[in-house]
Structures are given as structure tokens and as C-alpha cells.
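Turn these sequences into a full structure, and let the hints guide you.
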Amino acid sequence: MARKAGPLPSDRRGEILQAALHLFAERGFDGTSVRDIARAVGLNEGTLYHYFPGKEAIFAAILAERGYGAAQVDLDLGPGPRSLAEMLGQVGRHFLQALRENAPLTAVLLRESIRHPPALSEPGKGLQALIESRARRLARLFAQGAPPASRPVTPDFAAGQFFGSLATFWIAETFIAGHTVSVDEAEAHLRQLVAATLAALGEGPNAMRNNDNEEETP
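Following the UniProt record's numbering, the numbering of the sequence shown begins with 1 at its first residue and continues without gaps.
Some hints could be false.
[Stated by the list, open to error] Computed beta-carbon distance windows for the label pairs: (1) E45 x R191: 48 to 56 Å; (2) R136 x L110: 19 to 27 Å; (3) G46 x E132: 38 to 46 Å; (4) T154 x R35: 25 to 33 Å; (5) H179 x Y49: 34 to 42 Å; (6) S33 x I176: 24 to 32 Å.
The set of hints was computed from the structure by calculation and includes no laboratory data. Where a beta carbon is used, it is the ideal one built from N, C-alpha and C, also for glycine.
Structure below.
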């Protein structure tokens, strides 16, 4: 009988990252050992070191390869004029989707934000960097509208508050209240946030925009 082939190195590497992410989220970075990760994927500890030199390298790879990927397309709205309210709704849904899909990673970053070792300090900026990148592009859309003198707040402030409010809402409900946010709850929050953002910019609900911003790498 032919011997069944084992996982390819690339497949095994992916298994290690996935197992480590869930262990970090459940036990914390300090509470998870390389041996724990190896055991979770059926390897001995020495073999795992052929893939990664240590936990810090595993975490860095998780963030680089699996972090907040869905939000990369959150402003891919197509060319031509669109309702600003419609754009904000789509942007918000994509952003919430990115948070949901990366819940284990967000849990790790929140849990380790105060006590993680220095090696994790740079990867820990992943979500903040994403918010700042998306907010800059959204601010350029906002700036196409009402003249500055008629705006209660600046486009930069409104864009930052839009993403910050979504992140705070989802994180508070998911990790503090321990509540799974339903689609209806997310939509209700998003509708109110869109209305508040338009009001803060001095815009009506039917304000239009041309989505001609160039792509920006998060």
C-alpha cells in the first residue's frame, strides 16, 4: 500500500500560524509555549523550529500574512458619482467584516497591548495603522463637499471618528460585553453613524461624491 503523503511545507506552515493564533487568543502570548503550538499541529518542538525561530516570529508572520485583509478593499467603490451615504455604508460594512474575520488576532492585540514583549510592539500597531490609512482616503472624499467654513468638523476628524467609532463599537460588544454582534445590530449602528457623520460634515443625506481616489497601501 502506498504511503499517504503528509502536508506540504507551505501547508504545515499555515497550520502552525492558525494554531498559534487561536492559542494566543485563548491563553495569551506569555501563556503559550512553542511546545504548545507544536503539539497543536502534531509536531515535536524541534521540528517547529525549522519553520519559525520562535514565538515572536510566528506572531509577526500572523500579522503580516493574515491581518485585517478584508479591509484592503473597503474603498473599492467603483468610478463615478455615488451617494456619500451609500459609500459610507459600504465602507463601514467592509470594515466590520474585516474586524469579524480577524477576531482572534484582535483579541491577541488587545490582550497583549500592555504586557507583550518589545518584539511585538511593532506588529501591535496593525489595526491602528489600518484605521489611519483608511481614514486618510475617506477624508479626501469628505473634502470634496461643503466649503470649510460651513463644516462643523474637518474631513480628517470626521473620517477618523467614523472608523474609530466602528472599531470601538465592535470591540466593546465582542470582547468587553462578550456579545456576538448580529448583522441587524451592526446595520443599526452603522445607519446612525452615517447620519451623524453627514451632519457633522454639514452634508445632506443625498450628497454625491466621485470616487476617484488612487489606491493607497494600508
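Verification of the hints:
{"no.": "1", "hint": "E45 x R191: 48 to 56 Å", "in the structure": "holds (51 Å)"}
{"no.": "2", "hint": "R136 x L110: 19 to 27 Å", "in the structure": "holds (24 Å)"}
{"no.": "3", "hint": "G46 x E132: 38 to 46 Å", "in the structure": "holds (41 Å)"}
{"no.": "4", "hint": "T154 x R35: 25 to 33 Å", "in the structure": "violated (52 Å)"}
{"no.": "5", "hint": "H179 x Y49: 34 to 42 Å", "in the structure": "holds (40 Å)"}
{"no.": "6", "hint": "S33 x I176: 24 to 32 Å", "in the structure": "holds (28 Å)"}
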